[in-house]
Amino acid sequence: MSEPTKAPPAAAGRAATKKELPEHFKAYKHVWVFIEQERGQVHPVSWELMGAGRELADKLKVDLAAVVIGPPGEAVQHAAAESFCYGADLAYIVADEVLTDYRNEAYTKALTDTVNTFKPEILLLGATTLGRDLAGSVATTLLTGLTADCTALDVDADGSLAATRPTFGGSLLCTIYTLNYRPQMATVRPRVMPMPERIEKPATRIIEHKLGMVEEDIVTKVLSFIPDRDSAKSNLAYADIVVAGGLGLGSPENFQLVKGLAAVLGAEFGCSRPLVQKGWVTSDRQIGQTGKTIRPKLYIAAGISGAIQHRVGVEGADLIVAINTDKNAPIFDFAHVGIVTDAIRLLPALTEAFRARLSPHSRDRIAS
Amino acid sequence: MHIVVCIKQVPDSAQIRVHPVTNTIMRQGVPTIINPYDLFALEAALQLRDKFGGEVTVLTMGPPSAEDSLRRALTYGADRAVLLTDRFFAGADTLATTYALATAIRKISETFGAPDIVFTGKQTIDGDTAQVGPGIAKRLGLLQLTYVAKINEVDPAARTIEAERRSEGGVQVLKTKLPCLVTMLEATNEIRRGAMADALRAARAQIVTWSAKDAGVEDISKCGLKGSPTIVKRVFAPSARAEKAVFVDFANRPPAEALIEELFKRQPKLEAELVSSAHGF
Chain A
0 MSEPTKAPPA
10 AAGRAATKKE
20 LPEHFKAYKH
30 VWVFIEQERG
40 QVHPVSWELM
50 GAGRELADKL
60 KVDLAAVVIG
70 PPGEAVQHAA
80 AESFCYGADL
90 AYIVADEVLT
100 DYRNEAYTKA
110 LTDTVNTFKP
120 EILLLGATTL
130 GRDLAGSVAT
140 TLLTGLTADC
150 TALDVDADGS
160 LAATRPTFGG
170 SLLCTIYTLN
180 YRPQMATVRP
190 RVMPMPERIE
200 KPATRIIEHK
210 LGMVEEDIVT
220 KVLSFIPDRD
230 SAKSNLAYAD
240 IVVAGGLGLG
250 SPENFQLVKG
260 LAAVLGAEFG
270 CSRPLVQKGW
280 VTSDRQIGQT
290 GKTIRPKLYI
300 AAGISGAIQH
310 RVGVEGADLI
320 VAINTDKNAP
330 IFDFAHVGIV
340 TDAIRLLPAL
350 TEAFRARLSP
360 HSRDRIAS
Chain B
0 MHIVVCIKQV
10 PDSAQIRVHP
20 VTNTIMRQGV
30 PTIINPYDLF
40 ALEAALQLRD
50 KFGGEVTVLT
60 MGPPSAEDSL
70 RRALTYGADR
80 AVLLTDRFFA
90 GADTLATTYA
100 LATAIRKISE
110 TFGAPDIVFT
120 GKQTIDGDTA
130 QVGPGIAKRL
140 GLLQLTYVAK
150 INEVDPAART
160 IEAERRSEGG
170 VQVLKTKLPC
180 LVTMLEATNE
190 IRRGAMADAL
200 RAARAQIVTW
210 SAKDAGVEDI
220 SKCGLKGSPT
230 IVKRVFAPSA
240 RAEKAVFVDF
250 ANRPPAEALI
260 EELFKRQPKL
270 EAELVSSAHG
280 F
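Residue numbers (numbering that gives the first Met the number 0), protein chains in the order written: chain A, 0 to 367; chain B, 0 to 280.
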């Protein structure tokens, strides 16, 4: 019984509902982006959200604030300073030793308290494992609306956040509002929003907020962190070139053809959702609404029909090439270049042709 | 040990069709399944019960037909099934859903014993929000372990659980106290083939069916559409791109050559970029 089962009224915005925003919510102003930093690294989705947040703040004529939560020290200070280069007007910092590793209890308190103290109207988080864990807890604590995995964010004429996301398993899009509660919360997956340009700016307004929690208050302990082996890491979301396969490949063995082409191109490989459901490919390689969103310079989709839930995950690619035997497949509605042929036959030929073109010999030719 | 597993009956998304004119979901004849992610939660719960003894209660909120999924869960070996069904629950967003489910879990606790662990899948395949697990935990004041890849140890005497939680770039090994809520990651186990005895039991089992009132819901305005802070205003199909794909003509050339020529023609810089990508610099 998720949001989409509701019947949508015709008109949009608060004008369409009877209720006025309750008085105590009218003090809620400004747009916030939660800056996700772990082990000294800011997740790039945070800067992508700053780009989206800047646009919303400009339309609403309010401030854009970054919220950085973590241990005291260089990493958090640097993340806050960096947020100004991505468009922040001010930054909030909650720094405490108990926030060294992500733990739901401490981070939920940090973010909830900051919201209750400074009252933002919009709060955006990355839809990462951390962001989703945190957003669900914070929204439930605040008893406000949270729209997950948005693909577009906008504000209406009356200032309401219009959050659009795929629905019904990715077969349609819907626009969702949180009209009578504040803050309006939304998560956005990595790579859905373009990375804004970084412009050097001084860090001007930084507001520190105390956590008011000690280690003894926190039940959950982090025993260790086991980093993924390099071989297991996929950089799919941030890859420049991606080759992916779908059901049109016919068998799990044929998925090797996708990997073969990816290897020659120095690309990451991926797949559509049915291949994960069939167990042909692991879920970390899934591209689409429920997998990874990608924005490569070149995306080659082999034997993928192009359901909406796949489309929203790849639309940001500069050049989409679709290989499919069905010239009416929906993927040709959003691909730039199409070729109507059997991917099983084309992929080996394409791999060889690229190999010949990209050999060191031809590299010399380009250099000269 | 008492374990509650929250499941959801969802349309088999592989078979969902959208009406081309009205943009509505054509539900007729679409089979329903247990949300596939929930099966990993169910199997994890069954394994703990087999190890420590006790009971697994499966809970779902949905229309009366959701009984089918509960019976299926019983065939896998769950001990008890609770169906929360009431027209007041219709149209619930995730916040209203967690209110109803948390209320029902309190009632389960009173009626059948307090749960040590509440399991959910990491998300559903129709809503995809991953918000309901954390929401239930918050409402019940349970500690939460989300995206759990592996439960290393449960110590019922010491009331502790140690688990590996997927995070960006690695796994966190966490230790926390029972009772807690766990959302299981996919592909972490494989649902068992139920025993014949379970299948027979499931066919005859009495499904515990509760209305909002039965479950102890005190404030009906917190349920369903009324209790949902989010409002869906528009449902629409994405517009087709203005220009359709340019189809590569390969009547006179090998298709691979024709395709590569077209790519390099459209993006002259691509060849140099591919060379550097292919050679790793």
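Hints listed in this document are in silico derivations from the structure and should not be mistaken for laboratory results.
Among the hints, erroneous ones may be present.
To be verified - Cβ-Cβ distance ranges computed for the label pairs, FRET-style:
| id | chain 1 | residue 1 | chain 2 | residue 2 | range |
| --- | --- | --- | --- | --- | --- |
| 1 | A | 226 | B | 253 | 19 to 25 Å |
| 2 | A | 25 | B | 212 | 31 to 37 Å |
| 3 | B | 149 | A | 24 | 41 to 47 Å |
No residue lacks a Cβ here, since even glycine has one placed at the ideal position from N, Cα and C.
Verification of the supplied hints:
no.	hint	verdict
1	A:226 - B:253: 19 to 25 Å	violated (44 Å)
2	A:25 - B:212: 31 to 37 Å	holds (36 Å)
3	B:149 - A:24: 41 to 47 Å	holds (42 Å)
Comparing the model with each numbered hint stated earlier shows that hint 1 is the single one that does not hold.
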